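Novice: These are the residues of each chain, in order.
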Amino acid sequence: MSRSGRLAGGRTWLARHVLSLAAIATAGVLGVMLYLPVGVVFVDAVVDDGVPTLAAFHEVLTDPFYFGVLADVFADPLAIGSHLGALLGWLGAVSISLSIEYPIPGVGLGVPWLRIDAPGVRTGLFGFTAYQAALSTIASVALGLPAAYVLANFEFRGRRTLRSLTILPFVLPGIMVAVGFYAMFGRTGTLNSLVGPAGVGPFPFIEWNPLAIVIVAHAFYNAPLVARVTVAAWESVDVRTVDTARSLGASERRAFLDVVVPQLRPAVLTGALLTFIFTFMTFPIVLALGGLQLATVEVWIYDRVQRLAYTEAATLAVLETILSLGLTYAYLRYESAQSGLARAASPPPKEPLFPTVRTALTPRRLAIVGYGVVALIVFVGPMASLVIGSITDGSGLTLRHFSFLLERQLEGESFQTKPLPAIRNSLLFGVGTLAIAVPMGVVISVLTARAGRAGTIVDTLAMVPLAVSGIVFGIGLLQGLVFGISLPGGWRLQVTGAVAIVAAHAVAAYPFVTRNVSPLLANLDPAMVESARALGASRYRALLDVELPLVASGIVAGAAFAFAISIGEFSSTVILASGTDSYTMPVAVERYLGRRSGPAIAMGTVLLVVTAASFVVVDRVGGRFER
Amino acid sequence: MKRRTVIGSVGAGAVASLGGCLTRDDEDEERPGNDTADGDPEPDDPDLEGTLRVATYESMVDGENPAGPWLKEQFEAEFPDAELEWTVPESGINHYIQRERQEADLDADLYLGINVDDLARIDDSLSAGGLFRELNADRIDRSDRIRDGLDVGDPHGRVLAYDTGYISLVYDETVVDEPGTFDDLIDPEYADALLAQNAQTSDPGQAFLLWTIDAYGADGYLDYWRDLADNGVRILDDWSESYYGAYMQEERPMVVSYSTDQVFAADEGYDMSRHQVAFLDDQGYANPETMGIFERASKVDLAYEFLDFVLSNDAQAEIAQRNVQFPAVEDEFVDLDEAFDQYAHEPPEAVTLGYDRLRGNLDGWVDDWAREFASQ
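Line order of the protein sequences matches chains A and B.
According to the working numbering, the first sequence is numbered sequentially starting from 390.
According to the working numbering, the second sequence is numbered sequentially starting from 2.
Watch out, some of these pointers could steer you wrong.
As the list claims (entries may be wrong) - Output of the computed footprint for chain A on chain B, the stretches with three or more beta carbons under 8 Å from beta carbons of chain A:
hint: 1; stretch: 56-63
hint: 2; stretch: 78-91
hint: 3; stretch: 196-210
hint: 4; stretch: 274-284
Keep in mind that the hints were calculated from the coordinates and are not lab data.
None of these values were measured; they are calculated from a predicted model.
Yeah, the Cβ is synthetic: ideal placement off N, Cα and C, and Gly gets one too.
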């Protein structure tokens, strides 16, 4: 064979096997950066002194503190009679009455209220965690969907930029969100100074109902996620299907409900699922805004780790993971059951948001304006308050917090944290994460798209990075990769430094790519790929030329998330970067936090500005691949 | 401020390698038996060359105007053949406990910033008297300058105090009167007024909890906290969140904080009436910070010199003023700026629970307390 022939043969071989090679590489990264560290910790839960045991699980499951009334059931699952008796006793004590409530404090406006009096049910830590996660999910979807509706259906100046910036809240460290929220909603916060001139307040918004504020903070983080995922799906809705329905006589509303909604549902549920998992594992926000009364399972895992009680920490983490993965599996079964029609992306046309002054007064437009006000308060308010905090101190406007950053950059010692390397590292790791996470996510989507139930299981396992406690993942990385694992012959496997950070970020990020791409991919008609293959295209070519262009909006949305995850990632970065120059912007924020908040808030502002600029770039570059 | 918001419990030391790598286990690492009861004998010819690796917490080396860079410069000036290398493990002392358990390299010779609960935890999870060497006080000439009351009571003599802070209340005198006693805090006058921190995750939060245990005993502290809860105490995550978030936005007029609060308030130009310091029962809870040399240290002679250096007049003044903590030595051995004396308040009486009371009890106390409050 001639040299060029061999080369061409090699290329054909590569083209034929590139998917398998990518799958093997993906499995390798996951094995080393995910399953190994997580496995190291999870073994603690089931092995005691080298002997496998379920004692730790028994102890946690039967502890009413963790599981409330369910603990009795776990303790003695076969005593069905007594459990039923307890349930009947509880039902018998429930009473319903009608009363007049005054929902707005200080306002004498009575509302008739159907009051259900039920004796308290002890839900335990897991029950409460699930409860607040469910409320947070509802709030996030309620706040995210209108944004998706506006961004996907209307044209206005700055729409693309706004769409790019929707995931900005995602990258903010917990302390920044807490400070921003107090500055926005606190007794002397921005909101009170806005309503003050009207002669009311100041209202203690946070003290009134800490749970409500925590839920709003969770929506601050997660509503943008719901919006982003939904916009991607909305923009790939085939407008011709709507036209067909309309031509067959369906009203606009009917066509929306019967044609558009089914195509959006998987994306909305994806957003809701991710939100539930995130808020189930929430940690800094609940304690910072809500206090210890609102502690979640993750708070206890953190505490157990602090006290070096790894067995209990691992046990709680395993239970948390089982719950998240169970939910994910249920959702993925649903998602794969939703097989769509063959369609090419032909997005609906966008109408101008405010075509004329007169149409601005239609109910629909007024509702959008109303939503805009809410979005300003919930999303823009806390971030703007942060920025204001960075240029003020006790005595007014100042630039000294930023001059600290400048001084540190110019005169800092080698062991101190400087702003520019933090910015550079964040951007480099972000780009590196994109380069790894997007192919990983797409490969997993492709592999699972047509594999039926086995695919659902693989897909569920691929979601493990989201379902595992960040704290536990952190200890796993430390014990497994940083300290190293002893190998025979006195060798030690260690994985640290910049490459490890990028790999860890990619592991955390690829599920977002998968979850953005899979629903779209599953909706494609398999016949399109099959005809391409029949005409001689390799599986890889078919993917590249047929499937990817049709799911481009999902890939771009996933890529934006991958970048955001990398920028905002904290727990594994801090472990893998410790002692090296590989620190990132959020790590710098934490390191500058001392008895003075100024430098940290200034760094937080830098984080916001740099990230906002790069989101716009990521979206613009990504937009070229969309139709 | 040793804790990270998200994940202070895990971390890494100075591992500068890139990417995955295989290394040989370092078999040369010194692992002396150190069974000698009289600690380290004074050598005739101390080895004062090479790199001394000092582990500490973040605010010692980073943040605004920390003491770390000064200490490095001065120490290297005094010992020209030596270099000081700072290392900041994310999880503080837990990092070394984990390394010790896994027999991984320690990568540090001494630790600046151990407190008494750390000692209790070391002994609970390793063996009694573990991780750090028993110090030979004769080798540290300035060790007898340390004030009475800063001895943490370690039966194994592993650590020396280098500074101390006092937990106290900070309040807004335009909203509430100065609280005088713990019992005042459960008075209706102080309803919904106090911000405290989660003792599970926060140093001052835990110190305040231990202070109430000192005041009401291990049998009575939970009752007192139930009364506090009925009076509307709010327990936030950490000092940063409770102070920058809630207190500075005037959510509440009282916060558990440090008696040096006015030093920062004066610097930042804050209204002093919002930064009044109150000592309950004329006490403050002392949190002495101590230093010790690792059992597996390789630069033992240099480490002893460092301990002595930290107790010198200049170093004590710099650490106190830059970290805004009180010096560990008697007044005659340290000169502080007038501004520091004016704004840093020392309680009439310092209380603290020593090693003996904490050992074996601390985790249980904190756990019982936290379960009392959490999501029920």
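Novice: Could you run down the list of hints and mark each one as holding or not?
Specialist: Consistency of the hints with the structure:
With 4 residues bearing a CB less than 8 Å from a CB of chain A, the stretch 56-63 of chain B meets the requirement of three and the coverage assertion stands. Look at the stretch 78-91 of chain B against chain A: 6 of its residues bring a Cβ nearer than 8 Å to a Cβ of that chain, three or more, so the hint holds. Interface restraint, the stretch 196-210 of chain B with chain A: holds (3 residues with C-beta to C-beta distance below 8 Å; minimum three). Only residues whose C-beta sits within less than 8 Å of a C-beta in chain A count toward coverage, and the stretch 274-284 of chain B has 0 of them, not enough to reach three; the restraint is violated.
Checked against the numbered hints given earlier, the structure breaks only hint 4 and satisfies all the rest.
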